[in-house]
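Chemist: Note that my numbering gives residue 278 to position 278 of the sequence shown, counting from 1, and the numbers run on in steps of one.
Among the hints, a few may not be true.
Stated by the list, open to error - Derived DEER-like restraints, expressed as beta-carbon distance ranges: (1) Leu124 <-> Gln221: 48 to 54 Å; (2) Pro126 <-> Trp67: 22 to 28 Å; (3) Leu15 <-> Pro130: 15 to 21 Å; (4) Glu234 <-> Cys154: 42 to 48 Å; (5) Thr58 <-> Leu127: 20 to 26 Å.
Since the hints were made in silico from the structure, they are not lab data.
Even glycine gets a Cβ: it sits at the ideal position worked out from N, Cα and C.
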Amino acid sequence: MPESSFSSLSAFQELMMVKYTKVEATAPVIIHTVKSRLTPSLAKLSGYLGDEVRRALTDELPDCSDWTDVHLSEKLIRVVSRVSGRVFVGANVCRSEEYIDHTINYTRDVMLGAHAVGQVKQWLRPLRAPSLPEIRQLDRRRKQAADFFMPIVCERIERPKQEKPEDLLQWLIDMQAAKYGDTSTSELAKKQLDISFAAIHTTNAVALNTIYTLAAMPRVQAEIREEVRTVLAENKGGSEFSAVQKMKKLDSFIRESVRCYPIGAGKYPESINAISLMLTFS
Numbered sequence: 001m002p003e004s005s006f007s008s009l010s011a012f013q014e015l016m017m018v019k020y021t022k023v024e025a026t027a028p029v030i031i032h033t034v035k036s037r038l039t040p041s042l043a044k045l046s047g048y049l050g051d052e053v054r055r056a057l058t059d060e061l062p063d064c065s066d067w068t069d070v071h072l073s074e075k076l077i078r079v080v081s082r083v084s085g086r087v088f089v090g091a092n093v094c095r096s097e098e099y100i101d102h103t104i105n106y107t108r109d110v111m112l113g114a115h116a117v118g119q120v121k122q123w124l125r126p127l128r129a130p131s132l133p134e135i136r137q138l139d140r141r142r143k144q145a146a147d148f149f150m151p152i153v154c155e156r157i158e159r160p161k162q163e164k165p166e167d168l169l170q171w172l173i174d175m176q177a178a179k180y181g182d183t184s185t186s187e188l189a190k191k192q193l194d195i196s197f198a199a200i201h202t203t204n205a206v207a208l209n210t211i212y213t214l215a216a217m218p219r220v221q222a223e224i225r226e227e228v229r230t231v232l233a234e235n236k237g238g239s240e241f242s243a244v245q246k247m248k249k250l251d252s253f254i255r256e257s258v259r260c261y262p263i264g265a266g267k268y269p270e271s272i273n274a275i276s277l278m279l280t281f282s
């Protein structure tokens, strides 16, 4: 079915109460930039993604020689923030604690705000929603995060053309100015938050569900582990993106996990799916 006939936009807007949370992850400039620049560049960026996955896992997971308790959801969401941020804002920014804190907690604040608004009767929402503690906290978070992103955006805009990095922030800056005639630094800062929300929410849910499902099905663990080892050995020296595409059994397992434990009514962006796959078995 073509996109013109079916869209998850209305479902997303209703689920996230965007009228009150003001999330704009489906803004035209974001969708256009993801489709035209990010998705075609994933193969080229796969090396950076793989490197960030390894770095993040080393930093976040404890060294151990025996079974060790790990609060997986807390650790995994930090890994997802860093790995997605590597593509969104570059290595230096994505590893900063302030960036990780803002992106993770903005995601949580949006979800809490949407849930709180959903508890209010529909006819009362225009009056009640803006004063809800969760919505006020979301507004504060957005302001704090915008203050963090603004200098980064301004520095990017002032850079000479020959020094432009290859990441989503730079592509958004270029696309927003060229196609939409808008160079507002505050809007670009906010869009970084909304993109991070979309990436962290979907990727973390997919990866977490996949790992938990795999842990509950020991009969398939050895088979999938062997496929991963075989493909990585055969692909030594090749791109990590091409290795990901060869892991058919793991891909099938992830798809079935998503089908059994769906994260939403709509299909999440292909680029975010690819990041999720790379995160899950790098």
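Chemist: Hints first: check each against the structure and report whether it holds.
Modeler: Evaluation of the provided hints:
1. Leu124 <-> Gln221: 48 to 54 Å: Hint holds: Cβ distance 50 Å, inside 48 to 54 Å.
2. Pro126 <-> Trp67: 22 to 28 Å: violated, 52 Å
3. Leu15 <-> Pro130: 15 to 21 Å: holds, 19 Å
4. Glu234 <-> Cys154: 42 to 48 Å: holds, 46 Å
5. Thr58 <-> Leu127: 20 to 26 Å: violated, 50 Å
The structure fails hints 2 and 5 (numbered hints given earlier, in ascending order).
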